[in-house]
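In my numbering, the protein residues as written are 55 to 312.
No lab work stands behind these hints: they were computed from the structure.
Be aware that one or more of the hints could be misleading.
As the list claims (entries may be wrong) - Dumping the calculated PhoX-like pairs for lysine-lysine here, alpha-carbon to alpha-carbon at most 25 Å:
(1) K132 x K100
(2) K101 x K132
(3) K219 x K195
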Amino acid sequence: MKTLRLFGMAIVAMMLAMPATSCDDDDDDDDTQIETTEDGIVTGQKKLIRITSRFEDSNDIEIDTILFTYDSKGRLSKLEEYGNDGQSYHDTDTYSWSDNEIKQYGSCTYTFTLSDNLVIAEEFADFLAKFEYNSGNRLTKFGYSESQERWKDYEYSWDGDRLIKIYEDSEFYRVYHYGGKTCKGYAPMNEAFESSIGYAHPELFGCRTNQLPDEEITYARGEEYQGVYSYTFYKDGYLESVTHEGYGMKSVYFYFWE
55 MKTLRLFGMA
65 IVAMMLAMPA
75 TSCDDDDDDD
85 DTQIETTEDG
95 IVTGQKKLIR
105 ITSRFEDSND
115 IEIDTILFTY
125 DSKGRLSKLE
135 EYGNDGQSYH
145 DTDTYSWSDN
155 EIKQYGSCTY
165 TFTLSDNLVI
175 AEEFADFLAK
185 FEYNSGNRLT
195 KFGYSESQER
205 WKDYEYSWDG
215 DRLIKIYEDS
225 EFYRVYHYGG
235 KTCKGYAPMN
245 EAFESSIGYA
255 HPELFGCRTN
265 QLPDEEITYA
275 RGEEYQGVYS
285 YTFYKDGYLE
295 SVTHEGYGMK
305 SVYFYFWE
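Full structure from sequences and hints, please.
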């Protein structure tokens, strides 16, 4: 499956975006009742059913879409992904859930291994990823190896529900700055990994949050790169769109919920 360019794991890659009955500049938490199923899936909030993305740079415009379908227990059961109205690609993945394991079937078969309702490993072909969490079930480390390449680790720092820093090494890291913006439901951020199931169920990866950054600064080999965010919201406070500008690129994400 082609991976939509959202919240990618590469520290220096083009990066993106995130999500009140109001969404405003304060630190109030979402007052929606949050409950979880035996699978660790959050209920009592709207579900993400579609993301449409528009990427613009000096040479090209690309429009990608992801559609999400859920089973009777609120678990992701199917994901369709296509670009440029299906003209460039159109892929479909399905999901099978069992005790401490999720299978993703498509062009490749992915296996997610869980412990205490958190993903601790992801495998397919020559790819292996591992995840570690703190006592608050926030992601603290993501490591992976692909096609026998060297193992790469990323570390994550949190201040409560705010992701503050993603660190690879002294030459590659990213820092986030916040101005107090929050939102209803959650922000579909996936800065830790390239896993489509994470957009629908970020709680399984310790990344579910309603905190919205104003900007991020990426430090790469002595250079600094700034990315800035702006947001629009539906009347009920759920995220409608996010615009990210930086790195010579403008990306706009539109979110649909039900």
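Quick rundown of the hints versus the structure:
no., hint, in the structure
1, K132 x K100, "17 Å, holds"
2, K101 x K132, "14 Å, holds"
3, K219 x K195, "11 Å, holds"
Consistency note: the structure conflicts with none of the earlier hints.
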